[in-house]
Every structure is written in C-alpha cells, then in structure tokens.
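When you get a sec, could you build the whole thing from the sequences and use the hints?
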Amino acid sequence: MNNKKDVKGFLEFVYEFYKSMKAHEITLVYEGEITHQITKAFTSLTESNMSKDDEPNSVQRKVFHVMVECLQNISKHADDFTSNDYLFSGRGIFLVSKGENEYSVTTGNAVENDKIEYLTELLESINKMDKEELKELYKKQMKEGRLSEKGGAGLGFIDIKRKTGKELEYHFLPISDDTSFFLLTSTISRSESEL
Amino acid sequence: METIKIQGTEDTPKIILDAENEVMEISGRSLPEDVSSFYEPVINWLNEYAEKPNKKTILNFKLTYFNTASSKLLLDILMKLEEMHEKGHDVLIRWHYPEDDEDMEEAGEEYADIVDVPFEQVAYS
Numbered sequence: 002m003n004n005k006k007d008v009k010g011f012l013e014f015v016y017e018f019y020k021s022m023k024a025h026e027i028t029l030v031y032e033g034e035i036t037h038q039i040t041k042a043f044t045s046l047t048e049s050n051m052s053k054d055d056e057p058n059s060v061q062r063k064v065f066h067v068m069v070e071c072l073q074n075i076s077k078h079a080d081d082f083t084s085n086d087y088l089f090s091g092r093g094i095f096l097v098s099k100g101e102n103e104y105s106v107t108t109g110n111a112v113e114n115d116k117i118e119y120l121t122e123l124l125e126s127i128n129k130m131d132k133e134e135l136k137e138l139y140k141k142q143m144k145e146g147r148l149s150e151k152g153g154a155g156l157g158f159i160d161i162k163r164k165t166g167k168e169l170e171y172h173f174l175p176i177s178d179d180t181s182f183f184l185l186t187s188t189i190s191r192s193e194s195e196l
Numbered sequence: 052m053e054t055i056k057i058q059g060t061e062d063t064p065k066i067i068l069d070a071e072n073e074v075m076e077i078s079g080r081s082l083p084e085d086v087s088s089f090y091e092p093v094i095n096w097l098n099e100y101a102e103k104p105n106k107k108t109i110l111n112f113k114l115t116y117f118n119t120a121s122s123k124l125l126l127d128i129l130m131k132l133e134e135m136h137e138k139g140h141d142v143l144i145r146w147h148y149p150e151d152d153e154d155m156e157e158a159g160e161e162y163a164d165i166v167d168v169p170f171e172q173v174a175y176s
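Residue numbers (the working numbering), protein chains in the order written: chain W, 2 to 196; chain L, 52 to 176.
Keep in mind that the hints were calculated from the coordinates and are not lab data. None of the values given here were measured: they were computed from a predicted structure. Take the hints with a grain of salt, since some may be wrong.
Listed below are the simulated DSS-like cross-link pairs for lysine-lysine, each with C-alpha atoms no more than 30 angstroms apart in a straight line [what the hints assert, rightly or not]:
1) L:Lys65 / W:Lys141
2) W:Lys144 / L:Lys56
3) W:Lys77 / L:Lys131
4) L:Lys65 / W:Lys6
5) W:Lys141 / W:Lys164
6) L:Lys56 / W:Lys23
7) W:Lys164 / L:Lys65
8) W:Lys140 / L:Lys131
9) L:Lys106 / W:Lys53
10) L:Lys106 / W:Lys144
11) W:Lys164 / W:Lys116
12) W:Lys141 / L:Lys131
13) W:Lys6 / W:Lys164
14) L:Lys106 / W:Lys132
15) L:Lys65 / W:Lys136
16) W:Lys77 / W:Lys99
17) L:Lys131 / W:Lys132
18) L:Lys131 / W:Lys164
19) W:Lys167 / L:Lys113
20) L:Lys107 / L:Lys138
21) W:Lys129 / W:Lys164
Listed below in structure tokens is the structure:
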C-alpha cells in the first residue's frame, strides 16, 4: 500500500466489507489465533451487548454456552497440523451475527481431509438425535470419555445441539489436496418459547 | 487438614474446602483455561479428606455456568463423594441452581442419575 491508488482501493474494500457485515447482521468478526484471553474477551463483550439489549436470561446463557464451546473447539483443534500456507496455519475465523429472530455463531478453521469423514459422521449422528438420546450420549461420554491432552472432553457438539435444539450446519471447502476449510454454524433462537 | 480457599474469577469458580468448619462449596463460573490443573488440588484434597471425613459431609455446588470440559471434572469430584458414600460415610450433595435456569437444573438431575450418592436440588432466586 505505497501509492494513492492502493490506499483508495483498500479503503473502498473496507467500506464494502462494512456493508457486507451489515447485510449479514454480523456483530463480531475475528480472524486469527483463538486463545483463552480472546475467548474471555469475546464472551464478555457479547454478554454486555446482550444485556444492554435486554435479551432474556435464557437466550444470553445459551449464546454464552455456544460461543465458549465453539471458541474452545477452534483453540483446541486449529493447530492440529501445521500448514505452510499462511492462510490456514493454526488460525481460524469466528463470527457472531444477530438477526431479528436468532443469533448465530459461526467458526471456520482448516482441517486435514482425513478428518472429514469422522467429523461428518459425528455431526450427522448428533444432528439425528432427539433430546433424550443426546442426554444419554452426553452422560455416557462424560463417564467414559477422557480429557484429551488439550483438555477437550468430546462434548462440545453434543452440548451445542442440546442447548440450541437446532441442527449444527456445516460445510467443507477444499483448500488443497490434503486440507479443507471446515465451517460450522449454530443458531440460537431469540424467542424464549422456542428454547 | 489444610483448608482450600480460592477466590472466584470470571472464568474460574470460587472454591472453599474447609473440613474444620464443615464448609465445602464450589460456586460461580467454570471455564478454566486448563481444567485438569485447576481442579487437581480439589481432587487431591478430597482424596485426603476421604481418609478421615467428618461425621457428615455436605458439598454445595452453586454454579451459574460451566463448560463441557469442566462437566467432566465435576463428575470426577462427585465420584469421589460416591466412593465415600459407598464406604458408609454420611454424604450429601446440594446442587443449587437459579430458579429460571432449566439447563442448570437438568445438569443436576443428570449428575444425580450418574452417581449413587444422596443428592438434593435447591432452587434459588
């Protein structure tokens, strides 16, 4: 950005980016390494915004739950492999949007292609389960599962589905021959009766 | 026996384990950066306490939020209490939850299902 034309182009991009955020009702977007500090900062920022908007307690609690689990998923898995591609190594994207009827929390991070089958099966099986089945699975996993080296309990997806009552939407986009970008979005209804 | 007193923070619960004054409490929020190392002193304390517990043991949980990684460690704590109960000690878990928080109430019910230990649910406003 060392000449006037580049600067102008960049600033125009910022405006387009801003408009696009508004159009998609995105209230928070972050790209980079997800640390515990970042998790704390984002959850407390979103909490204070929700309480300013007089969002019902139950909605606030659910958004908080989903945010924490999503952020911890990335912080525990985003660096599962090292990529030479600066775009995708150890980082992720995190965004929160607030629509008229719901909040949505979306994460994206690179994964190795050989994880796709496992993730797809896991998410599909959780999506198919009803409330009771999810509860039993959660209890079973809590009893029998072990904490991973990074402190994951294998309970995050189950918890999100239980708290939101909605299917986890996901998508894999190819990056290279052996890696893909894994996108996951969870929605939380803003109407208490739906929770 | 040594007393454990940990001040609560925005991501870690307040913990009091005081055998002498018979106060045992875990309250607040639990999403520590490293759950295992955060709860390690609690588990160690309970292991030592279980050797020679008080006549009656009441452990109060008054959590407003815990993440999934913490839920696993909370179960480990409850299982220690279950062991004591199995050995014939008088043990009671009191699970306090905000009256409008169905998820926290349900979490208590689930723990009560998993561990075989006297379990009391207490709603507060």
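Okay, the hints, checked on the actual structure:
no.: 1; hint: L:Lys65 / W:Lys141; result: holds, 28 angstroms
no.: 2; hint: W:Lys144 / L:Lys56; result: holds, 28 angstroms
no.: 3; hint: W:Lys77 / L:Lys131; result: holds, 28 angstroms
no.: 4; hint: L:Lys65 / W:Lys6; result: violated, 56 angstroms
no.: 5; hint: W:Lys141 / W:Lys164; result: holds, 17 angstroms
no.: 6; hint: L:Lys56 / W:Lys23; result: violated, 47 angstroms
no.: 7; hint: W:Lys164 / L:Lys65; result: holds, 25 angstroms
no.: 8; hint: W:Lys140 / L:Lys131; result: holds, 17 angstroms
no.: 9; hint: L:Lys106 / W:Lys53; result: violated, 48 angstroms
no.: 10; hint: L:Lys106 / W:Lys144; result: holds, 29 angstroms
no.: 11; hint: W:Lys164 / W:Lys116; result: holds, 25 angstroms
no.: 12; hint: W:Lys141 / L:Lys131; result: holds, 18 angstroms
no.: 13; hint: W:Lys6 / W:Lys164; result: violated, 49 angstroms
no.: 14; hint: L:Lys106 / W:Lys132; result: violated, 40 angstroms
no.: 15; hint: L:Lys65 / W:Lys136; result: holds, 28 angstroms
no.: 16; hint: W:Lys77 / W:Lys99; result: holds, 26 angstroms
no.: 17; hint: L:Lys131 / W:Lys132; result: holds, 29 angstroms
no.: 18; hint: L:Lys131 / W:Lys164; result: holds, 28 angstroms
no.: 19; hint: W:Lys167 / L:Lys113; result: holds, 28 angstroms
no.: 20; hint: L:Lys107 / L:Lys138; result: holds, 13 angstroms
no.: 21; hint: W:Lys129 / W:Lys164; result: holds, 15 angstroms
Hints 4, 6, 9, 13, 14 from the list above are not met by this structure, while the remaining hints are.
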